[in-house]
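Enquirer: Let the hints inform the model, and build the full structure from the sequences given.
Take a look at the letters that make up each chain.
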Amino acid sequence: MVENRAQPVGLGRGFWTVTTILAVLSIAAIVFWSIFPLETYLPAAIVTARQVDHLFRFMAATGSALWIFVAGYLVYFAIAFRAKASDPPDAVGLQIHDNHKLEFWWTLIPLLFVILLSVVSVRIWYEVMLRPENGIVVEAIGHQFYFSFRYSDINGEVTDEMHLPLNVPVTLNLTSADVIHGFWVPAMRLKNDTVPGLVTTIKFTPRLTGRFPIICTQFCGVLHSEMDKQVLVIEPKAAFDTWYKMWQEKNAHASNALPAAGGQAVALAGGNATAGKQVFEQKCTACHKLAPFNEVLVGPGLAGVLHDPSRPNLVNGQPATPQNVAGILQNGYTGSMGTMPNATANGLSQQDIANLVAFLDTLK
Amino acid sequence: MAVAAVHSGGIADHIHPEPQGFVRRYVFSLDHKIIGIQYIITGFVFFMLSGLLAEVIRTQLLNPNGGFVAADTYNEVYSVHGSAMVWLVVIPLLTGGFGNLVFPVQIGARDVAFPWLNMLSFWIFPVAGLMLFSSFLMGAPTAGWMEYPPVSLQGEAGTSMWCAAIFLVGVSSTITGINFVVTILKMRAPGMTFTRMPLFVWGQFATAPLLMIATTALAAALAALFIERQFGVPFYDPTKGGSPVMWQHMFWFYSHPAVYIMILPAFGIISEVLPTFSRKSIFGYKLIAFSSMSIALLGFMVWAHHMFTSGLAPFLQLPFMILTYVIAIPTGIKIFSWTATLFGGKIHYTTAMLFALGFIGLFTIGGITGIFLAAIPFDLHVHGTYFVVGHLHYVLVGGSLMAIFAGTYYWFPKMSGRLMNETLGHWHFWLFFLGFNGTFIPMHWLGVLGMPREVATYDPQFAFWNRFESVASYLMAFSILLFFVNVLWSIRNGKRAGPNPWGARTLEWQIPSPPHYYNFKHVPTVYGLPYDFGQPLPYKGLEEELTDSPPPVTAGAH
Amino acid sequence: MSVASLARDAHGEVDQLYIETRELRLQGFLLFLISDCVLFSSFIFAYLYLRNSGQGWPPPGIQRLDVAFAAWNSVVLFGSGATMHYALENFKHGNWMRYMWFLLATIVLGAGFLGGQAFEYTHLIYGEHVTWWGSGIFGASFFTLTGMHGFHVFIGVCYLTVLVLQSAAGVYTRGKFFGITAGTLYWHFVDVIWVVLFSIFYLL
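So the protein lines, in turn, are chains A, B and C.
So that you can map any letter, position 87 of the first sequence is 87 in this note's numbering, and since no number is skipped, the others follow by simple counting.
So that you can map any letter, position 17 of the second sequence is 17 in this note's numbering, and since no number is skipped, the others follow by simple counting.
So that you can map any letter, position 168 of the third sequence is 168 in this note's numbering, and since no number is skipped, the others follow by simple counting.
Hints are computed from structural coordinates only; laboratory data are not their basis.
Check the hints yourself; a few may be wrong.
To be verified - Selected chain C positions facing chain A (Cβ under 7 Å, derived; list incomplete):
1) 58
2) 60
3) 61
What the hints assert, rightly or not - Derived CB-CB ranges, DEER-like:
4) C:45 - B:496: 49 to 59 Å
5) B:426 - A:15: 26 to 36 Å
6) B:64 - A:291: 31 to 41 Å
Because the structure is a prediction, the values reported are computed rather than measured.
Here a beta-carbon is modelled for each residue, glycine too, at the ideal position from N, C-alpha and C.
Expert: Encoded structure:
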């Protein structure tokens, strides 16, 4: 087997000319991506959006340069080394099996690049996922086929636009009332799925006022395509406060119960305490003990919740009455105290709620 | 007439009598080459059907408000399109099709280890395919090829049919995987060590364990979905204690290796076509073989990069991101090695070679956008958008499909004895290249701007590029029509090919075109790699193969 | 493969074809068992994932499992593994009658295990808390996994019965008995799966 170890023919002027051209094109691509004004096409509505754009530009620049070289050499070699009509029919090329130095470098350089990219992307991952501080708690709930929003001091739900105040950190809890949806605001460069039975959280700080589309990105049924009509409105705090007050008043007399099929408050009459005890053991003991209020697992202990006068009010500030407890079970709670998942996330039917309330009523 | 091979009386010396009758020869055939052709024909039929579905998709997307089909129908169309392309086209063509067709001869074997199971494997395939398409009659699945619960729990009967159909074709895949692993481990010709195996065989050897192991994991996920839908047994329904995210884990644990099932054999095809039409040795044989095996292994460790938005704990996300980046290294090694193979060659622009060259350029784009998607912060932006649709079509069409075309032009003469028409082939290539890039490049940008995937209608701001993509897709479809015309015409009218029209060096080119049912009169002995053009062939014992002498048939029924 | 080298063809020559074909079948069968392992592993993953999703285990309202009974049933199954082992050993050493007795004992013990499963299922379905396949994630995971396993045992028992009939008809000789080897491997596989299932359902 002939192995050609000499410096191969062809690494001559043509090759270096092409290499220079490819280098120039790569630099042009790098410059292009570095200055590409992504924000004129898509505003950067939150602080970390710009960093995601930096990551995109970095990957686009390096990816373009890589591709330019690969495709460039591909085309150059395919043309430069084409079989010519003057070649004898059994002409063969240079039987080069390998070149250890070349192979070493083209293994090492990608490895170094992977390390570099890892460092860059872990940093930005940290900025997006872990660094943002806790903020005002808002909940977005996916439905077939719209998103609804809940705020700490607004009863019930906001069902059209989501409003947020400028420059105020937000903790957005996401869940779904039915199937998995994808909550995406392109201007934020951030999305997360809304999963029934789970509460997922993203944290961010809005930095730009405006109206930004909210788009569902996880197929959720026949009208999934239509689930791109809602908007996120980021506005100055004063305007936000006005909007907030408007919804507080609008929903003031809204039942605290999540609109069930009929949209009515929970019927508590048919509650069965024994069944309720089973539901409690199955669903609630992960976070609540049957113990005094201060024995907190995730949520407070629930001994005597409906009857002990020394206990404080419920987490949303309301007095502990059966209907108010039912409201929390149905609606869940998001606020400065944390998050209690709603009925759908917990998998509670109307009957379960009634049974639970009946059971809690037996606790002295 | 000196025959060097040792006669041990074993499998290599056992030639059964020729099968008689049309049914035994061409319908229920045990011959891996016939089975391979059956897979290829069936795969191409499903390809045409699924391609029609793709054109329904693109026609619907000509207008932001759709209007070509109802939203529900559209959802069925893209779901079946995706499912069929993965499970009824690319995987069967590359494994059961080209795998069966070529690698047993390349290793000097007479057939695969379990010919009867091979035949069974094939016949399951059209049945499963018909089952999948029959779902249109009962409300086809609408939640994409991924069918995430809980929405897939709401689907009509066709979703259960989808579960059953994919389960069944998975059985076919698993059997093929077992067959191929044993064949490669045990039935290589004397002297063919692993480091003398052609790279196409390495591609199949890396893929077969994936077929065997990953597919079974999908079977469990599908079975659970089926029994939940049909019998109310809760696995995924959160209102009954189940977990929708669990489906994603189980589904992607298979489906990520599945994408390597769809590309490793394609890498193998490229590694055969390039040296032949450069008239020189493949560059970096050992690294290419090793990188195939490492990609197969790493492929099992990255599944959750499809789930970055699903609510995984943040620290669980990180290892998947890093490991996905790492896969770029063996992939890059291959791409650089292929490019280096061209250096100093004598390159012939056959259609097969054009598709192989196109593969390298286009698959690289797909690989690069894959790295984009691996970066969690960027994925949190473009997951579930047309960026992903762009990426996946670059790797599966710009990658796998181009390799399938290359393989067809390359091995058609071996199997039919006739060459395909090169002029038509060149038209196919250039129109396809143009149409393909026009269809799928803009998708990346649309995804970044805000166009989600799996939608029947979209925001009017995306109208221009969608129309552009749809027109380009018609060009692509036309070019594929040229391909099929070429195939059908060439079977009858193609120029006679002879045993080795390309002057290639692997074993399949040292026997007649088409090969005899027994492949070799005498199993050769192998002395080296088949890629050193200009040197004598590294085989002994092939002297009689191209003569008219009768084969030494062993008495007795097969 | 010293035992396989006893394989002789019609001329009394070493049957190389059989030896090589047996190698293929053995490897293929082992790979099949590996892929079957993956199937069980996937459902085991599902069970552990669901069990871990924070609702307490077993969920309330579910009939408790009878660990003692299942332990006895396991002894029956592992016993059948031992008898199968001795069956194969005796065959290899040419002890025909002992081979057949051990084989029949395996079938009886295997069927006994299935009977025990049926008994346990009945207790769950008709017990104080009705617990069946659709009974939440407990029913889903327990009945699916033990049912799959029981189905594998059933197939095994059927196959061993076929072995009995084939052996009686003289199909297997001292040099050619791959069917018995495969049956033994399969039977041990079924035992190993049960060790895992017993541990994760009854001991965990």
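Enquirer: Work down the list of hints and note, for each, if the structure agrees.
Expert: Now the hints, each set against the structure:
| no. | hint | verdict |
| --- | --- | --- |
| 1 | 58 | violated (10 Å) |
| 2 | 60 | holds (5 Å) |
| 3 | 61 | holds (5 Å) |
| 4 | C:45 - B:496: 49 to 59 Å | holds (56 Å) |
| 5 | B:426 - A:15: 26 to 36 Å | holds (27 Å) |
| 6 | B:64 - A:291: 31 to 41 Å | violated (58 Å) |
Consistency with the previously given hints fails for numbers 1, 6, ordered from lowest to highest.
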